[in-house]
Amino acid sequence: MKDAIGFAFLGIGAGGFIAMMAAGLVVAFKGSGVINFSHGAVAMYAAFTYNYLRLDGTIRLPLVDILPTHQANIPVKISLASGGPVDKWLAILISLLMSMLIGAGMHYLVFRPLRNAAPLGKVIGAIGVMLYLQGIALVNFGAENPQPEAILLPNTLFTNFLGFGKPLPGESFALAIVAIIVGAALWFNYKFTRFGLATRAAAGNEKGAVLLGYSPERLALSNWIIAALTAGLAGVLVGSVTGALNVVKFTTLIVPALGAALIGSLSSVPIAIAGGVGIGMLQTVVATWMSGQSWFPEWLQSGATDAIPLVIIVLVLFLRGKSLPVRGNIQEKRLPLSPYPKRIGWYVAVFVPLGAILAFGLPGDFIFAGLSGKWGFAFTTTLIGAMLMLSYVLLAGYVGQISMVQLSIAGVAAFFMARMTANGTPSPEDPFAVSGPGIAWPIAAILGIIVAVAVGIILGIPALRIRGVQLAVVTIAAAVSLQTLYFDNSKLTNLMAGSNAAVPSPTLFGIDIGSTGSAGLTDSPKFALFCVIVLALMCVMVSNLRRGSTGRRFLAVRANERAAASAGVDVPRTKLLAFGLASALAGMAGVMTAFQQQQISSANWVYFAGLVTLAFAYLGGITSVSGAVIGGVLTGSGIVAVFGAHQSEGLHSYTPVLGGVGMILTAILHPSGQSMLYQPIVQYFGNWLKRARGREWAGVGRRLGPFIVIGLAWGAIGINPWRTDDWSRPWMMALGAFLALFIRNLVILIRSGGHRELGSAEATQEVAA
Amino acid sequence: MAERVIDIKNLSTGYGGIPVVRGLNLHVNPGEVVALLGPNGAGKTTTLLTISGILQPVSGEVNVLGSSIVGERPEKVARRGLAHVAEDRSLFFDLTVQENLRLGLTPDRAKRAVAMENALNMFPALRPLISRRAGLLSGGEQQMLAMARGLASEPKVLLVDEMSLGLAPIIVERMLPIVREIADKTGAGVLMVEQHVGLALSVADRGYVMAHGELTMEGSAKELQANRALLEASYLGGGH
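These protein sequences, in sequence, are chains A and B. Residue 722 is where the first sequence starts when you use the numbering used here, and the numbers rise one by one after that. Residue 426 is where the second sequence starts when you use the numbering used here, and the numbers rise one by one after that.
Excised from the complex, chain B in its bound form (with noise of 0.2 Å):
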């Protein structure tokens, strides 16, 4: 098996030195599409924005593509190859679609025609819209580019937060078998925190679920979509 892209051991973060996610242990091997499932406040954006070095970890180990990134900048983090989607999608809104995906690109130039027409031709819906300003997209629209733009770099790991967030359930439907299809053709691993919790299931290969801060489940797909009652239990905060 190859190398695991994201590897936590015991991680333990949260904001001003006090944890808010306890002794999380959690990996992520290349091609595979992980989900982070859980109640509001379970601690699943505070762990991604910790593994893209936004926060730093109170104690335990973050490894991303085989080295720690504890104390790293985050810019650092993202050029190694780590795209970040973040809940609030984070877009620079007075430039243009193609500029926000231009910033997106790798540093490789030789690729980097390759990679935009490969991030266009995974959200074809983008293409009449590359010279509009992205404050002026639709949410969905907004959504597509966020992760386009995160697609242009070419990441070998992909943190995607709550891609459905105010976005319509046939949108939803639509976006989120791109999360597969990006891990199957790019070979990234793919985490991704997800309230659609059936929807999600159906593309990963495994889930986690968290509950005030710690993990509460874990185990392939199927496995957590056959528990179901079980993981709605952790949801309703009775899950030990």
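The following block holds chain A by itself, in its conformation from the complex (with noise of 0.2 Å):
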């Protein structure tokens, strides 16, 4: 027992640091109602920050000079002390009001237009910031996992640390120490201060601090800045006490805080450090000693320590059944409404036939031969991407549970696939082939989609009682504990560490549709048509689902539970069957993913991967199936993504950037996401080709024919500012008119303002002629 408590001191260090972060995450949720789940981002951002100035006494600046002339530029490295390193202190310093300005930025540019958004919203927004400090931070430090120097009581080692005889390093002794000052001044700042006063009445009423005078985005600001401070005080003072940093290193380090912030119900400071402290100090009890005993199964040694956050979140939530204090704001969006699907037989009799000619190619390899390549791979995922999204649809469109697990059961049921599949004999591609019953794949597909439909229920339990993101929360925790319990398990999945699973390749009536393709690559077509089929028949079925009585008591449990229930609606078992149905289609994504991967590792699921899925899922438009295809053809490695990286190498490094300021973007301007964009504009289009006659023929061709001739001439000549290497001159030809038009249509919606919608904007013009 003795040895326990011992190894429990040395957990001190990770604690006072987890510590920090949650009190980040209790101001931040005070202040302004949002999980913060770029808290670690802002922190990483600083560390880094202080790293480089005493490296070369330089600040790099969090943004990226977008100007692409070499005269004009936008400063973003700020040398200091000609080269040499800055002194200790000063760099703290400066590294703290880094921080501060990025939390000011983030209450200005992100979470202030965000105050009324629906809660879904705002975690985008939280993403999206993520993502964006991520990007800018390996475009500014550049890849690099520079070891960070201790800061506090560097060269001090207790070597007997309170007597029971294990040596602690001084600096995580004072790291515990510093976060419960920190927790202190925070809790007499909220407790006695009328500025704590004020965010509180804030957080409880906005509409009663403003008729009392307060301002509410003042409020906001300072609480951003504090929040942010505390990430930056936590990000620079850890020191090396969790080892070499990197971009996403603190991030991960967001849930185990999340899980102490929530034992003080995201509302109290000390509670909040308490908590950080005690699971920093029980993970490392788990590690150290209780996984040394006999006792402790063996299963359980790979990733036991990464659950004890879900755990405690789970009983935290569940136990208590009494829900966080919900911000009383004057008016909070809901989620954009869901369209009713119409025509769904003529969506399929389109899209079905052109996924097939971008699989194959024309008849005869007329013009086009079939998308091929990194094109064909791009393909495919982002058709796999769609499937994805559709379960996001299904669970957060539909129902309004904002889960952030669906990839990783997405991993379940191809984990589980590749196992049943799997017959222990080695081959050339899997020298260290893995025992299994060898099941074929179509079984051991089924198998695994069961297996993650019966995983998805068990996580919509806490579903029943936990809402809203708070229900996110647990996901992101479950996530966590799927990855380091089952994917990175070598108990489970009986894999080599470092080994990947191999997937066999799928056949059919003697025909393999398998994705690796004649020349060897990842690009078969008919592995491509097989995830079409596949796609389609999933979309019909989400569309059936919205349209029947299941979807209509998805639509009702996501406005208000209690009139549902009161209107005769089984709530929970509603809930429970959109986890399972979201499940299965999951399920279905990491069957497809596997198969098209051939073999999967775990960094394929990674949880904060499963963040950003989500993410471009909303991108899309999330609550409607079309949403799902814009969010799968949107989604990372999907065509958009490798058409742009093709087109511009380098814009290549600025893809998270860009992906996080357009995921700000749409939470903010468009929050129904790109679908609903679109939608006008189709349907225009389509009502217009059903009546058009020569004379609305003609009258486009007048409209319309001049900038087709000047795009076509363009794309003739070749003079362009992409890569152009590889496009034949036809393609070339048709790029420059779309381009032409597509610029033109620009101008009108800028000069018309840029609210008409594209449609309205043709319709006035057609009426005026």
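These are computed hints drawn from the structure, not numbers from a lab. In this text, all values refer to a predicted model and were calculated from it rather than measured experimentally. For every residue, glycine included, the Cβ atom is placed at its ideal position computed from N, Cα and C.
DEER-style ranges, computed between Cβ atoms:
no. : chain 1 : residue 1 : chain 2 : residue 2 : range
1   : B       : 591       : A       : 1032      : 43 to 53 Å
2   : B       : 623       : A       : 1284      : 31 to 41 Å
3   : A       : 1186      : B       : 496       : 37 to 47 Å
4   : B       : 498       : A       : 906       : 28 to 38 Å
Two chains, two separate frames, one set of hints: put the complex together.
Set out below in structure tokens:
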């Protein structure tokens, strides 16, 4: 026992860090009702800033030089101390100022515009900030993983800390002390000052605070700055306690911090501090002492530490049975409406053949020979991405349950299927074959999906009592736990460390429909068609679900659980049904990913990739099937990403930055997602086609003809600002014409004040003509 | 006569640019209690929300304490010396009675203790509840707290919206005279929206009657009381 306590004290450094992060999360939540998933990224940026000030005396601002010229530049890098390292304390001060600057920026640019958004919109905003800061850090600091220097009590070592016989670095001890001091200061501030009182008041009743003369915006700004400051303080002072610095490091530590913050109901700083230190100590005890005990189950040895936050979060939220203080905003918007799907048959009749053409090309390879190479891979990635997005549409869009675990559930299906198909026979591609029953792929895939559904339903149980953003926190903790308890757990997967799980190539009636194409690349058109058909079936299923009575029950639960219950809807059953169905959709996506990749590892399903897929689903339009498809098109390594990277290699490194900015802008400007933006245009165009006669076509020819001619000529000459080496002439001309029309419409849109949809701008012109 | 604390000229106001209240003229003098009467949907609460800056007028002038509030943020209007006891009371349920009152206190540090004492003197029933959370108070106690919090800021203008909402008649009968007392003691101008016409006119100096967004009657409390028939007609929709 003495041993155990001794080991526990080894964790007070990490605990101190978690505690400070948790305190910052509490402050951000108090100030603006946002669970700040980007908190770790703020700490990371401050830590990198400190590190580079000490390395070469430069400050790198959290922005990129977007101007394409070399003459006019936006200043990013500021050099101090003529290239030498900056004094330690000055560096700390500058780093903290940097984090405060980021906090102010977050308030003004992201969360103030989002203050009345639906909770999911704020989550997307936070994920956007996280992506932005990580992307910026990659650009500004490179992919190096420097070892940070110890700052607090750097050369002290307590050889026998408190007499428990374990040595403790002075740094760890000091970090815990600082955490307690920070906690005490914050506690005093929120308990006794008028500012703290007003913050608590505004969190409870914003209108009341306004009527008494307090500006909620000023309060929110101050709280964001304080929250960011605690993040910066944690990130800088943690020093070498958590090891080498990298871009995602602190973001992965956000989960235990969220656990600690939730123990204090996201409102009590002292409890969050105590909880944070406690979690750090508990994790260390489990990792060092407990896992060495004979009674400790072997399969739990990997991942038990990371499961602790999940257990704590679920216990706290579930047992307490009282929800978090809900912010009384003057007006909080709901999720966008979920449109009623119409003309499903038509969509299938158009898009399945279109998908087949994209996969195989036109008959006889006339003009177009089908997507191949990286394009073929991007195409299937897009299709599979859309499958995963569908699970978000069903769960978050229809039933309003914010789940961040869908990607991990896809991983469960994939891993389980891989194990079921394994038969233990080594092959050249798979020298370390794992043992398994060697079941045929269709049955294994179904088994994988069944297991995914079971896991999904189990994870849905907390949703019966936990709602909204808190559920997001539970699911994110679940995603981390699945990763370490299952995907990384060699006891369960039987995989050699670092090796991947092999997946056999699927065949249907003797035809190989696996993803390996003729040239050995993963671009087989047959596999692409397989994906198209699966996606089409899934879309039809989700659309029909939305149209039927189940869909009405889903939307009723989303709108108001109590009202739904009083109208005779069995809310718990409906929720679990939604979790089960969404898990089946995600499981399908996982199985298809496995077939596409042919071998899978835990890296395919890391939890913050799951955050990003949720954000892309939101970007596409989380309440509609078409939104899922658009989300798939936008998804990482999908068609748009590959096209962008291909056309501008220089732009490639900015992809995460642009993704983050795009996410924030969509959340602010277009909360219903891209699909709602296109819908009126498509509708208008469809109606126009139906009634258009010769005169109308002639009118279009007159208006658009000149632009098309200019575009065609532009393409034919081939002077372009982008890469054109592998583009054939007809394609260049088509692209030129498209761009000419696009630019024309953009000009019309801007001249009309940006308010009018493209369709109506055209319509007014038509009426005038 | 001292300057009017509220002066509204030809005001049109409403939601999303669509006027609910049209062509309203109204004023309140210091130390005066003015009742704003009318049936449901007449635009009384909309008028109060516009005066405190939460809604922006569509057109017309709104002057509070001598200067226009058009385009001003509600918190700025409040800091001029306007207290608005809203229909929903806007209490901070998670904070104690004392904390609620502290938030209402005047920014002038020297006066705070006195202001708090005055507010509690006006509503002595709150004294034993001082460290109870506001969410645990009864409806009448919550209304007292809302009024006391408004008073604690030592306002020069007090807007009271439907103080009697959801309260037992006996409590209303006790609370309304306090409004009169506030105006007499502090010299604040009070504009109150009230459904209890008889009670309201018994404490008010003057009254305005609105229906369908327009002013249908105005006059001294005595005149209005004498004209009960006309007053009642305006409630039933035939006041023109």
